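Q: Below, each chain spelled out in residue letters.
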Amino acid sequence: MTPPQAPFEIPPIITYAVPAFVLLIIIEMIVVKLSKKGRYEYRDSATSLTMGLGNRVFGIMFGGFALLAYFAVYEFRLFNLGWTWPVMVACFFAEDLAYYWFHRIAHERRFFWASHIVHHSSQHYNLTTALRQTWTGTLGLTFIFWLPLVYIGFPPLMVVLFSGISLVYQFWIHTELINRMGPLEWVLNTPSHHRVHHATNARYLDANYAGVLIIWDRLFGTFVAENDEEKPHYGIVSQLGTFNPFRVAFHEWLGIWRDVTSAKKFGHVFGYAFGSPGWSPDGSRKTSASIKAEWAARHGAPAPSPAYALATNTDDGGKTAAGVGAGAP
Amino acid sequence: MQFENPFGVAEIIELGGSAAVVLLMVGVAAVLGFRMSARIDDSELARLAEADGARVDCAVISQNGRAAFARLSDGRVMVARVMGADVSARFAAAKAVSLNVKAQRLNATFADVGFPPLKMRIDDSPAWLNDFSGGGGST
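Heads up: the protein sequence lines correspond to chains A and B, in order.
Heads up, the working numbering is the position in the first sequence plus 465, with the first residue counted as 1.
Heads up, the working numbering is the position in the second sequence plus 9, with the first residue counted as 1.
Rather than coming from a laboratory, the hints here were simulated on the basis of the structure.
Check the hints yourself; a few may be wrong.
[Unchecked claim] Subject to a maximum C-alpha distance of 20 Å in a straight line, what follows is the list of computed EDC-like cross-link-like pairs (lysine to aspartate or glutamate):
{"#": "1", "chain 1": "B", "residue 1": "Lys104", "chain 2": "A", "residue 2": "Asp747"}
{"#": "2", "chain 1": "A", "residue 1": "Lys751", "chain 2": "B", "residue 2": "Asp121"}
{"#": "3", "chain 1": "A", "residue 1": "Lys751", "chain 2": "B", "residue 2": "Glu59"}
{"#": "4", "chain 1": "A", "residue 1": "Lys751", "chain 2": "B", "residue 2": "Asp83"}
{"#": "5", "chain 1": "A", "residue 1": "Lys729", "chain 2": "A", "residue 2": "Asp747"}
{"#": "6", "chain 1": "A", "residue 1": "Lys751", "chain 2": "B", "residue 2": "Asp51"}
{"#": "7", "chain 1": "A", "residue 1": "Lys729", "chain 2": "B", "residue 2": "Asp121"}
[Stated by the list, open to error] Reference excerpt, derived from the structure (chain B facing chain A, CB under 7 Å, subset only):
{"#": "8", "residue": "Glu20"}
{"#": "9", "residue": "Ser27"}
{"#": "10", "residue": "Val30"}
{"#": "11", "residue": "Val31"}
{"#": "12", "residue": "Met34"}
{"#": "13", "residue": "Ala38"}
{"#": "14", "residue": "Phe43"}
{"#": "15", "residue": "Ala47"}
{"#": "16", "residue": "Arg90"}
{"#": "17", "residue": "Met92"}
{"#": "18", "residue": "Gly93"}
{"#": "19", "residue": "Ala94"}
{"#": "20", "residue": "Asp95"}
{"#": "21", "residue": "Ser97"}
{"#": "22", "residue": "Arg99"}
Please read these numbers as outputs of a predicted model, since none were measured by experiment.
Note that beta-carbon positions come from the ideal geometry of N, C-alpha and C, so glycine has one too.
Could you build the full structure based on these sequences and the hints that come with them?
A: Here it is in structure tokens:
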């Protein structure tokens, strides 16, 4: 079965966006310098940008495998949806939903976290952080989260197109220069929502997984609003403490390898590889659930659950004390 | 099945151009003076420990104020490093740390392979550091 052809040439969206990325980064640097709002550090930026460059190198080397998988699964598609405007609108929403679940599971399961942790490893939050991307995305099988879309019948290149648009959209929200955006905060993923996502504060852990639309977090109970009284601290729960790109890229994979090879039981192997980040057989390490429970105990708040987060978080500054979903950092 | 070299001329040009742009942006950041370095002192260590539900029992801070090694009230150790404008704190079980102090140089390695070794110059070597020499604290 021949896949339907796209009615137009699929533009390399990310490549086209690179000049804008560069310009916006330089503008942000100058504004940060003049306004003293936000933070930059040249070694941190060097690491982030090097990770972005490495991501492209690995993309050239292995990205074809993901595309191959898309087309292979597409052969067994349920429907022939083709390239029409209604299908493209549906694909935008479906891709964003797939991104939400990819992103959430990338935080909740260590195997996928090992790739995604790279993006969270900076303790700074600026536009260069957006480009701090994994080198092991394809090898770490992250593309499988989009396979259901092509199985349903969305053309693979349409899925690739909207994935690219989503990534480009997510660039500009990595900034401390933009505060709140009024009613847009209800629907869109914004700098404020994404600052929460990158924060290591206990109340902010495991929240705001959205790509473009924040509605998925509101729907699935993982939305947490930024609280003006608690400034986000960025990075990962166990800060990396290095600017070395190779350590940034592979440290969690090495950690999995060390744990798996020293495991005493098969169940432990599974737990170390696919359990929550921080899982250990004796519970001696911290997971984000245990961090939140400790934090809740210290602050006299009930241990939060996703349903609780859904019920208590608002856009008006998030005064609630415990608004985080279950899962891992 | 034959695998082709994925790096053609176009890819090499793209990557070369990207590398040049990376250098440009890092250069701009350096020229604009984004070399802020936080400094670690006792109050910063206390804040970091408190954020993890512990207190600092004793600590050594490097001569340049960019790194520190502390023993906490719950028996764990905390390693702090300046990371640009921020300070990175990492907590570990005492038994997961191996320390070596020679001629005002402290070298610490960690069982956690993801965590880089700590190397710092210190003014003096308090006796409690001996608990960690050769791997593992007294607690």
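Q: Next, verify each hint and record whether it holds.
A: Status of each hint after checking the structure:
{"no.": "1", "hint": "B/Lys104 - A/Asp747", "verdict": "holds, 16 Å"}
{"no.": "2", "hint": "A/Lys751 - B/Asp121", "verdict": "holds, 14 Å"}
{"no.": "3", "hint": "A/Lys751 - B/Glu59", "verdict": "holds, 16 Å"}
{"no.": "4", "hint": "A/Lys751 - B/Asp83", "verdict": "holds, 15 Å"}
{"no.": "5", "hint": "A/Lys729 - A/Asp747", "verdict": "holds, 12 Å"}
{"no.": "6", "hint": "A/Lys751 - B/Asp51", "verdict": "violated, 25 Å"}
{"no.": "7", "hint": "A/Lys729 - B/Asp121", "verdict": "holds, 18 Å"}
{"no.": "8", "hint": "Glu20", "verdict": "holds, 5 Å"}
{"no.": "9", "hint": "Ser27", "verdict": "holds, 5 Å"}
{"no.": "10", "hint": "Val30", "verdict": "holds, 6 Å"}
{"no.": "11", "hint": "Val31", "verdict": "holds, 4 Å"}
{"no.": "12", "hint": "Met34", "verdict": "holds, 6 Å"}
{"no.": "13", "hint": "Ala38", "verdict": "holds, 4 Å"}
{"no.": "14", "hint": "Phe43", "verdict": "holds, 4 Å"}
{"no.": "15", "hint": "Ala47", "verdict": "violated, 10 Å"}
{"no.": "16", "hint": "Arg90", "verdict": "holds, 5 Å"}
{"no.": "17", "hint": "Met92", "verdict": "holds, 5 Å"}
{"no.": "18", "hint": "Gly93", "verdict": "holds, 3 Å"}
{"no.": "19", "hint": "Ala94", "verdict": "holds, 5 Å"}
{"no.": "20", "hint": "Asp95", "verdict": "holds, 4 Å"}
{"no.": "21", "hint": "Ser97", "verdict": "holds, 4 Å"}
{"no.": "22", "hint": "Arg99", "verdict": "holds, 6 Å"}
Of the numbered hints given earlier, the model fails hints 6 and 15; all others are met.
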